[in-house]
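J.: Letter by letter, the chains look like this.
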Amino acid sequence: MTAGVPGAGIGGLFYLAAALVAPAWDGWRTLVRRDRRVHRPWFVARLAVLALLMLGGIVAAGWLLGLVLTSPSLLAQGARAPAAGGASPQFIARAAVLLTVGTLVAVLAGVEVLRLALRLQSRRARARRAQESR
Amino acid sequence: MRRPMDFPPQSRLTPGTTEAAAPGRSPVPHAAISVIVPAFNEAATVAATIRSLQAQTVIPAAIVVVDDCSDDGTGGMARALGVTVVRPPANTGSKAGAQTFGLSFVATEFVVAIDADTTLAPDALERLLTAFEAPRTAAACGFVLPRHVSSVWERGRYVEYLFAFTFYKQVQEYYGRPLIASGCFTMYRTEALRACGGWSTRTLAEDMDLTWTFYQQGHGVRFVPEAACYPIEPHDFRLLRAQLRRWSHGFVQNVRVHWRPLLEIPFLRSAVAVTLWDATVASFAFLLLLPLLAIWFGNPWPLLGYLIDAPAVAIPVLVAGVQRGEGRKALASLPAFFVLRTVNAAFFVRAVWLEVVVQRPLLVYEKGH
Numbered sequence: 017m018t019a020g021v022p023g024a025g026i027g028g029l030f031y032l033a034a035a036l037v038a039p040a041w042d043g044w045r046t047l048v049r050r051d052r053r054v055h056r057p058w059f060v061a062r063l064a065v066l067a068l069l070m071l072g073g074i075v076a077a078g079w080l081l082g083l084v085l086t087s088p089s090l091l092a093q094g095a096r097a098p099a100a101g102g103a104s105p106q107f108i109a110r111a112a113v114l115l116t117v118g119t120l121v122a123v124l125a126g127v128e129v130l131r132l133a134l135r136l137q138s139r140r141a142r143a144r145r146a147q148e149s150r
Numbered sequence: 120m121r122r123p124m125d126f127p128p129q130s131r132l133t134p135g136t137t138e139a140a141a142p143g144r145s146p147v148p149h150a151a152i153s154v155i156v157p158a159f160n161e162a163a164t165v166a167a168t169i170r171s172l173q174a175q176t177v178i179p180a181a182i183v184v185v186d187d188c189s190d191d192g193t194g195g196m197a198r199a200l201g202v203t204v205v206r207p208p209a210n211t212g213s214k215a216g217a218q219t220f221g222l223s224f225v226a227t228e229f230v231v232a233i234d235a236d237t238t239l240a241p242d243a244l245e246r247l248l249t250a251f252e253a254p255r256t257a258a259a260c261g262f263v264l265p266r267h268v269s270s271v272w273e274r275g276r277y278v279e280y281l282f283a284f285t286f287y288k289q290v291q292e293y294y295g296r297p298l299i300a301s302g303c304f305t306m307y308r309t310e311a312l313r314a315c316g317g318w319s320t321r322t323l324a325e326d327m328d329l330t331w332t333f334y335q336q337g338h339g340v341r342f343v344p345e346a347a348c349y350p351i352e353p354h355d356f357r358l359l360r361a362q363l364r365r366w367s368h369g370f371v372q373n374v375r376v377h378w379r380p381l382l383e384i385p386f387l388r389s390a391v392a393v394t395l396w397d398a399t400v401a402s403f404a405f406l407l408l409l410p411l412l413a414i415w416f417g418n419p420w421p422l423l424g425y426l427i428d429a430p431a432v433a434i435p436v437l438v439a440g441v442q443r444g445e446g447r448k449a450l451a452s453l454p455a456f457f458v459l460r461t462v463n464a465a466f467f468v469r470a471v472w473l474e475v476v477v478q479r480p481l482l483v484y485e486k487g488h
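If you read the protein sequences in the order shown, they are chains G and Z.
Quick note: the first sequence, position 87, residue 103 per our numbering, numbers continuous.
Quick note: the second sequence, position 35, residue 154 per our numbering, numbers continuous.
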């Protein structure tokens, strides 16, 4: 049913962002477009609250991990943080978030570029065919 | 629960076919629905499926069991329960083939495809019918949950489904693009289904193929979370392997078949792209990069990457579990999800390798629930 690794990767972030955008999207459709086919408010609110809770969970997990990795008892035992070059756990966490967001943006942008390139290609092919038939 | 006559709208019911009511019970309306149950050696499970169909709050006009040349008495078992049993001249070789064979026996406005190991909540058909009030709707699917939850694979699947159907699928429904109308239980508008030629056998994930074909033809597909169904999921690795091979290869095959027209479908193109990325690059990183980093840095901390998103997964799972009165079961099953996820990742990397890189597609439909 669920392809790949649900929860991990950019898919989780994509659906999180899509759920968080939903209330604003509904509001825009209702107020600006005067579209009455919007979803039930509780459905959208539930999705957004769920997404906020999940986001909170991720932030809490990152914070907890940072706390563990910088705990004096751990450092006293001689364990090293996972980063090379003495990078702090906060730096690693920020880098991981940036990498994930950057990857998601790149994948989504790549799809749009591919779509536009194919459209352009088919438009050119049509024009060439029309020219040849004349 | 709604009173049976509130839904579906009268136009969806066969006029004048209200079943005689039992004393003290409201009359149960017959709906313009036929049900196709493809079955190959399902004698152990088909009776429960038929009984759950017969106990619906709206009674289907016909239940057609396609006995795909079983040799375990599936046909006789179904016939004894009073349903129509049809048998193709030879085994069709796939669920899609059996379902399309069964479609020729359908004469109603709607048709439901349900696996022979799946049971339904008593109001599942009634709930799905409401999605067809919109004339654009060609298919509607419901919430899927494993019927038995005991082995590690069943527990992993239980969490996976709770997560996906409580969050991912609801977001997809919000944007009007459920990624897939699950093959184990979906209702279709018969006319739209026939226009597609039934269920295609060109990929191993005929449900995904059909869903994406509907979108390309301008139809809508809906997810109705209130319509619950309970399939039997693989309880051992042998069955799980067959199922995951089919799903992973089926996904890659569908991307290959549909990628160009998919680019013109908003939201779906993005959802498929991130799913493909996660199924390939993220799965690869998940399986190789994290252990390599642990070796490179000489400590096990990078392996925490396997669990870093545990809170994000746990929240929708526990919310749904508590709502269903199964909070403990959901909590106890969480660790199994991380095992199943790792296995999923391995199967997807393998499928991409075989289908795309070495061009050795999986062509044989292997049953695995």
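Hint data in this document are derived by calculation from the structure and do not stem from the laboratory.
Even glycine gets a Cβ: it sits at the ideal position worked out from N, Cα and C.
It is possible that part of the hints are untrue.
[Stated by the list, open to error] Derived Cβ-Cβ restraints for the label pairs, each shown as a range: (1) Z:R447 / G:V65: 35 to 41 Å; (2) Z:G417 / G:V65: 41 to 47 Å; (3) Z:R357 / G:E128: 52 to 58 Å; (4) G:E128 / Z:Q442: 20 to 26 Å; (5) Z:L200 / G:G43: 32 to 38 Å; (6) Z:P241 / G:L115: 46 to 52 Å; (7) G:R139 / Z:R255: 27 to 33 Å; (8) Z:A209 / G:V65: 27 to 33 Å; (9) Z:A209 / G:E128: 30 to 36 Å; (10) G:P57 / Z:A451: 33 to 39 Å; (11) Z:R447 / G:V75: 39 to 45 Å; (12) G:F107 / Z:L409: 45 to 51 Å.
[To be verified] Covered stretches of chain Z, as calculated for chain G (at least 3 residues, CB under 8 Å): (13) 230 to 244; (14) 275 to 288; (15) 388 to 396.
J.: All hints are to be evaluated individually against the structure, with a verdict given for each.
T.: Hints, verified against the model:
Between Z:R447 and G:V65 the C-beta distance comes to about 23 Å, which lies outside the given range of 35 to 41 Å. Distance hint check: the CB atoms of Z:G417 and G:V65 are about 42 Å apart, consistent with the given range 41 to 47 Å. The beta-carbon spacing between Z:R357 and G:E128, approximately 43 Å, falls outside the hinted interval of 52 to 58 Å. In this structure, G:E128 and Z:Q442 break the distance hint of 20 to 26 Å, their C-beta atoms being roughly 37 Å apart.
Between Z:L200 and G:G43, the C-beta spacing of about 51 Å breaks the proposed range 32 to 38 Å. For Z:P241 paired with G:L115, a C-beta distance near 48 Å keeps the hint of 46 to 52 Å intact. A beta carbon spacing of about 29 Å between G:R139 and Z:R255 agrees with the range 27 to 33 Å that was offered as a hint. The supplied range of 27 to 33 Å is broken by Z:A209 and G:V65, whose beta-carbon atoms lie about 53 Å from each other.
For the pair Z:A209 and G:E128, the supplied restraint of 30 to 36 Å is violated, since their beta-carbon distance comes to about 47 Å. G:P57 and Z:A451 have their C-beta atoms about 34 Å apart, which keeps the hinted 33 to 39 Å range intact. One distance hint, 39 to 45 Å for the beta-carbon pair Z:R447 and G:V75, is violated here, with the actual separation near 27 Å. Separation of G:F107 from Z:L409 is about 19 Å and departs from the stated range, judged on CB atoms against 45 to 51 Å.
A stretch counts as covered by a chain when three or more of its residues have a beta carbon under 8 Å from one of that chain; for the region 230 to 244 of chain Z and chain G the count is 0, and the coverage is violated. Beta-carbon proximity to chain G at under 8 Å applies to 7 residues in the region 275 to 288 of chain Z; the threshold of 3 is reached and the given coverage holds. For the region 388 to 396 of chain Z, the proposed coverage by chain G is satisfied: 8 residues have a C-beta within less than 8 Å of a C-beta in that chain, meeting the threshold of three.
The structure does not agree with the numbered hints 1, 3, 4, 5, 8, 9, 11, 12 and 13 stated previously, though it agrees with the rest.
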